[in-house]
Amino acid sequence: GDSVTQMEGPVTLSEEAFLTINCTYTATGYPSLFWYVQYPGEGLQLLLKATKADDKGSNKGFEATYRKETTSFHLEKGSVQVSDSAVYFCALSDQAGTALIFGKGTTLSVSS
Amino acid sequence: DTGVSQDPRHKITKRGQNVTFRCDPISEHNRLYWYRQTLGQGPEFLTYFQNEAQLEKSRLLSDRFSAERPKGSFSTLEIQRTEQGDSAMYLCASSFDSFNEQFFGPGTRLTVL
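Respectively, the protein sequence lines represent chains A and H. Each step along the first sequence adds one to the number in our numbering, with nothing skipped, and position 58 is 58. Each step along the second sequence adds one to the number in our numbering, with nothing skipped, and position 10 is 122.
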């Protein structure tokens, strides 16, 4: 069945460092891909999404490109801030556009 | 509208008891989803509703789990005869139709002693 694999954390960075969180997927068809973020004490929030191959999703300085050839959707940010400390989840939608299938999450900790 | 709300935020119960959780979606959203999240894992899809119709329930974890959305607005998730393995965060989400962003609530954390 469909699945998502993302790099295990925690990821610990200093402020202004470059961030990459790897995400690869297995799916039939052409799913939409998402990054969700969960800040401490808050619910899951959509960070960005891409609905077809070569699409780039971007938001708040984060970006990810839908790579069909490598079945990847890696999350990047050029300069992280302390406020980016959170758990990041990569996800895909099933073919019906209903269920989201999530990776295990990657904890990011940014220190000043 | 302030988003998806869930009640209670925390529930502690003893093994064998029944529990019920409530979810109030964003008012204009016709789809409502339930997920379960255990420690160190991503959310796992359980079931969803389109208005009052439950269109997918094969992924409910056992026949002890049931969900309703009687008037197409709020939804309840019930777990009967709870077990320690049911301890988890139960998340509700809503969206307008399929292939659109799902907005998540804060979750209900269940602890079964």
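The hints are simulated quantities; they were obtained by calculation from the structure and are not laboratory data. Every residue, glycine too, gets a C-beta built ideally from N, C-alpha and C. Check before you lean on any hint, since a few could be wrong.
Covered by chain H, according to a simulated footprint, are these stretches of chain A (three or more residues, beta-carbon under 8 Å) [what the hints assert, rightly or not]:
| hint | region |
| --- | --- |
| 1 | 11-25 |
| 2 | 86-95 |
| 3 | 100-110 |
Straight-line alpha carbon distances no greater than 25 Å define the calculated DSS-like cross-link-like pairs of lysine-lysine that follow [claimed, not checked]:
| hint | chain 1 | residue 1 | chain 2 | residue 2 |
| --- | --- | --- | --- | --- |
| 4 | A | 52 | A | 68 |
| 5 | A | 60 | A | 104 |
| 6 | A | 77 | A | 104 |
| 7 | A | 77 | A | 52 |
| 8 | H | 123 | A | 104 |
| 9 | A | 104 | H | 126 |
Structure-based check of all given hints:
1. Coverage of a stretch by a chain is defined here by at least three residues with a beta carbon nearer than 8 Å to that chain's beta carbons; for the region 11-25 of chain A and chain H the count is 0, and the condition is violated.
2. Taking a C-beta to C-beta cut-off of 8 Å, the region 86-95 of chain A contributes 3 residues in contact with chain H, enough for the three needed, and the coverage statement holds.
3. Counting residues of the region 100-110 of chain A whose C-beta lies closer than 8 Å to any C-beta of chain H gives 6; at least three are required, and the coverage claim holds.
4. Distance check on the hinted pair: residue 52(A) and residue 68(A) sit about 8 Å apart at the alpha-carbon level, within 25 Å; holds.
5. For a cut-off of 25 Å, the pair hint linking residue 60(A) to residue 104(A) stands: about 22 Å separates their Cα positions.
6. For the hint linking residue 77(A) to residue 104(A), the alpha-carbon distance of about 20 Å falls within 25 Å, and the restraint holds.
7. Restraint check for residue 77(A) and residue 52(A): satisfied, since their Cα atoms lie roughly 21 Å apart, inside the 25 Å limit.
8. Restraint check for residue 123(H) and residue 104(A): the C-alpha separation of about 24 Å stays at or below 25 Å, so the hint holds.
9. Taking the CA atoms of residue 104(A) and residue 126(H), the gap is near 28 Å; set against the 25 Å cutoff, the hint is violated.
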